[in-house]
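Protein chains in written order, with my numbering: chain X, 508 to 832; chain E, 508 to 832.
In case anyone wonders, no lab produced these hints; they're calculated from the structure.
Hints may contain errors.
When chains are identical, the list treats them as one kind, so a pair holds in a single copy or across two.
Unchecked claim - Dumping the calculated DSSO-like pairs for lysine-lysine here, alpha-carbon to alpha-carbon at most 30 Å:
| hint | residue 1 | residue 2 |
| --- | --- | --- |
| 1 | K595 | K610 |
| 2 | K727 | K512 |
| 3 | K594 | K814 |
| 4 | K594 | K720 |
| 5 | K512 | K720 |
| 6 | K548 | K734 |
| 7 | K542 | K610 |
| 8 | K549 | K708 |
| 9 | K516 | K814 |
| 10 | K548 | K610 |
| 11 | K610 | K549 |
Just so you know, these numbers come straight off a predicted model, no measurement behind them.
Protein chains: 2
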Amino acid sequence: MATLKDVAKEAGLTVGTVSRVLNNRGYISDDAREKVNGAMKKLNYHPNEVARSLQGKSTNTIGLIVPHIRHPYFAEMISNIENQAYKKGYRILLCNAQSIEEKEREYIDICTGNRVAGIILCSGTVSVEVFDGIRVPVITMERFLDNGTAAVECDNRQGGTLAAERLISCGCRHLLHVGNISSISMPADQRTEGFRQVCEKMGVAFHEVFTEKSQYHNMKYDALIEKALQEHPETDGLFVNSDVIAAQALQVCRRMGISVPGQMKVIGFDDVNIAALTTPQLTTIHQPVREMAEIAVNLLHDAASGKIVPKRTVLPVYLVERETA
Amino acid sequence: MATLKDVAKEAGLTVGTVSRVLNNRGYISDDAREKVNGAMKKLNYHPNEVARSLQGKSTNTIGLIVPHIRHPYFAEMISNIENQAYKKGYRILLCNAQSIEEKEREYIDICTGNRVAGIILCSGTVSVEVFDGIRVPVITMERFLDNGTAAVECDNRQGGTLAAERLISCGCRHLLHVGNISSISMPADQRTEGFRQVCEKMGVAFHEVFTEKSQYHNMKYDALIEKALQEHPETDGLFVNSDVIAAQALQVCRRMGISVPGQMKVIGFDDVNIAALTTPQLTTIHQPVREMAEIAVNLLHDAASGKIVPKRTVLPVYLVERETA
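Full structure from sequences and hints, please.
Encoded structure:
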């Protein structure tokens, strides 16, 4: 196997110059860079990243902890974070904590044990004390952590406001809202707040239904929606907290013989791929997932470089008008 | 920061015993294991995985290279691979090569540079020579590589056969098949073969349409399907190569005033979450993604341990009857 010395010899340069090229440090002429890259290619030399990272303090790996992978929202989030990480020279250690506190805790240990540059946490079941002992930046997505480094959120309250305004302007007078998991407190709860406030101001009746962890993990909401519609048969407008729930609301309406958007308007949340794949296509609240992912990686990079970063970043949402409301 | 010595002192054991517990090597009594774990917890000691992996030959990291993350099939595959990796004590370095040869090549270098235990490759744009220089196992998913370690596939031909048989038994006589990306050869091409063979045997007319890389990456097939249905207005049965394509076929049919399953039967492929989220729900070919993922991780583990592993593993598929055929 080729060594650094072999590369230097092949390139006709000193070991120090080759090392500068590999570490991208100090002055390097284009000519030297080309020679080193040519020699590495010729000798099939792969720098040992493990050894290199030992010399530095941490690796250029980001620990990404999510509660779900196959859920379209997280698939979209992971894809965008991976893309931005690649651009910034980081790679992704992907951890699916499945909202299990013990697994999340273990994954945090695995990340720190692997000397990650920082953690992006999209999951939020462990108690805050766990984060006190962590020496790397922790960026939380749609979660707020008092002792985290920075939180990235969308304007959830605004999303709820926009949904209520839209349904009411479509003529709906009996609204139903399917909210978050009742046992976990998170920024997305603000969607319900924004929605409630508009309904109360406009004097429009509404009911709220909350969901459970198991429904979230199995992505099975149809029984819940069917029961709610049976209990509130006057409902003419639905605002639900994800496009996955909205897709199932369309199925339930069809089964119950309720036409969408004729007799029932439906608005989802997230605007991820499933929103454009249903029949009819979903009207939904667009969450700027790409921008949130880019900002999270940039915040992690800045924080890991010792910069002061904003504690909280809130991005705007907007209504995407398709066919269901 | 606590050291191994501190842990040994706290546990009242020798450094050698603590090291044996950490490396899970040789005889360790339950009592010793408990004492070490207790001491580590008390001292907030995190073993430096980077340093530990330098002592061994490779890390317990799997490089997972995919062409897509947000596509429901890959989201499902990644989720299952991550889950099995966790069970086997591996973590996942997630790389999205986006079917870009240069990016795929670079990610392979990143994986080997990070001393991964092996690579699971769900992407397949680089030429085979690249893999000759790799010293770790390479497991390919739905890709066959002459110089790979092992390939895991589903019985694609059988899938095509089942779809054709089902459509014909539903009374369809003018079939249309939306196949794979024409420029990339892959095991999934066998779906078309199986489908064609049944049609020819039964004397049923059929047309084939192929897709492009850009459609695959944007998950946008509606224009393609609409054009094909305009060119072949007699079509009464559709077999398409993914549930994502099938979901869009439902949208196109609705737009064109064609009722499903009344005037048109539709069969997808994969049976991932989107198949159960459309209205009507998709009849599709179930690909055993969970089992394929488990087998891939196990093969990688065995091959990395120096065992001889099967070069090719083919899993069965079956038809899931829902509402569209």
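### Message
For K516 and K814, with the copy left unspecified, which applies at a CA distance of at most 30 Å: within, between, both, or neither?
### Response
For K516 and K814, neither the intra-copy (39 Å) nor the inter-copy (38 Å) Cα distance is at most 30 Å.
#### Entry: Alpha-carbon proximity between K594 and K720, which holds within one copy, between copies, both or neither at 30 Å
between (34 Å within a copy, 22 Å between copies)
#### Entry: Intra/inter-copy verdict for K727 and K512 if alpha-carbon distance must be at most 30 Å
neither (59 Å within a copy, 50 Å between copies)
### Task
State whether the alpha carbon distance between K512 and K720 is at most 30 Å within one copy, between copies, both, or neither.
neither (56 Å within a copy, 42 Å between copies)
### Query
Given a CA cutoff of 30 Å, do K548 and K610 count as a within-copy pair, a between-copy pair, both, or neither?
between (41 Å within a copy, 16 Å between copies)
### Same-copy or cross-copy closeness of K594 to K814 [CA-CA at most 30 Å]
Only inside one copy: K594 and K814 sit 20 Å apart there, 37 Å across copies, limit 30 Å.
### Message
For K548 and K734, with the copy left unspecified, which applies at a CA distance of at most 30 Å: within, between, both, or neither?
### Response
neither (63 Å within a copy, 46 Å between copies)
### Query
Using 30 Å as the alpha-carbon threshold, which applies to K542 and K610: within, between, both, or neither?
Result: close only across copies, 22 Å inter versus 47 Å intra.
### Query
When no copy is named, should K549 and K708 be tagged within, between, both, or neither for a Cα gap of at most 30 Å?
Answer is neither; intra-copy 71 Å and inter-copy 54 Å both fail.
### Query
Is it within, between, both, or neither for K610 and K549, if the alpha carbons may be no more than 30 Å apart?
between (44 Å within a copy, 19 Å between copies)
### Task
Evaluate K595 and K610 at a C-alpha cut-off of 30 Å and name the case that applies: within, between, both or neither.
Cα proximity of K595 and K610: in one copy and across copies (28 Å, 14 Å).
Hints 2, 5, 6, 8 and 9 from the earlier list are contradicted by this structure; the remaining hints agree with it.
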